[in-house]
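Throw the hints in and build the complete structure from the sequences for me.
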Amino acid sequence: MSDGLSPAQQKMLAAYEFHTGAEFVTHRTEDAMASMVPDPYVALLPALTGGNGAAEVEDFYEHHFIFNMPPDMELVPVNRIIGGDYIVEESVFRFTHTVELDWMLPGLAPTGRRVEIAVVSIVKMDGEKLAHEHIYWDQASVLAQLGLIDSEKLPVVGADGARKILDRTVPVNQLMKRLVASAAERRAQRAEGERSRTVASASATTPVCESRDTPVGPKGAKR
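Residue numbering for the sequence shown follows this note's numbering, starting at 1 and increasing by one per position.
Just to be clear, a hint being listed does not mean it is correct.
Claimed, not checked - 27 Å max Cα-Cα, derived DSS-like pairs, lysine-lysine:
#1 153 to 129
#2 153 to 164
#3 164 to 11
#4 164 to 177
#5 124 to 11
What the hints assert, rightly or not - Each pair of labels, with its calculated beta carbon distance range:
#6 180 to 26: 20 to 28 Å
#7 7 to 179: 49 to 57 Å
#8 100 to 3: 35 to 43 Å
#9 81 to 31: 19 to 27 Å
#10 76 to 122: 12 to 20 Å
#11 39 to 180: 18 to 26 Å
#12 199 to 160: 42 to 50 Å
#13 120 to 195: 45 to 53 Å
Everything labelled a hint here was simulated from the structure, so no lab data went into it.
Quick reminder that beta carbons are idealized off the backbone N, C-alpha and C, glycines included.
Okay, here's the thing in structure tokens:
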């Protein structure tokens, strides 16, 4: 992973990997904090959770993040870009929603459902220390996979959004195809409704011929 990197970038990468190891492997808040600048901030933008300053970040890590992971949490690295003072990483998170996730879904009781999401982390480095982290994922996709919003009625994708960055054969444009199919179905329903109304209108305006007998008197004489 460090091929082609300058010595400074290699040190930066080592510091970043030490930090993420403290978050997801060793679960050591003190190590995560030791790898950051004295006044860091962390922002998980979809839920606007995190911390501003060392005290808030440490509290967030200790009480809401590092020890607030599902037992089957899996982090799959996909792409990593290392610049002069930034590291950008694209990954996939996979987990079963068996615990309340303060950092992602605060206040939501576990649903027991599986979730797969693409996650992007943009990390500002100050030498060998992390200065701040901006973390993004598709919250609508998470809510759809948990059954909290209806992805059949909204332009939202589920796990396929994450699977696409691991497998290029996952089909695209399914929402647009669904839109076209839905529009065709609505046109067919309108046409059927118009035909039904036309038939009903024609039935209502067609004259009804009634047979009327002419009364006769005695001996067949007409009255």
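Structure-based check of each hint:
no. : hint                   : verdict
1   : 153 to 129             : violated (45 Å)
2   : 153 to 164             : holds (21 Å)
3   : 164 to 11              : violated (32 Å)
4   : 164 to 177             : holds (17 Å)
5   : 124 to 11              : holds (14 Å)
6   : 180 to 26: 20 to 28 Å  : violated (50 Å)
7   : 7 to 179: 49 to 57 Å   : holds (52 Å)
8   : 100 to 3: 35 to 43 Å   : holds (41 Å)
9   : 81 to 31: 19 to 27 Å   : holds (24 Å)
10  : 76 to 122: 12 to 20 Å  : holds (18 Å)
11  : 39 to 180: 18 to 26 Å  : violated (52 Å)
12  : 199 to 160: 42 to 50 Å : holds (44 Å)
13  : 120 to 195: 45 to 53 Å : holds (51 Å)
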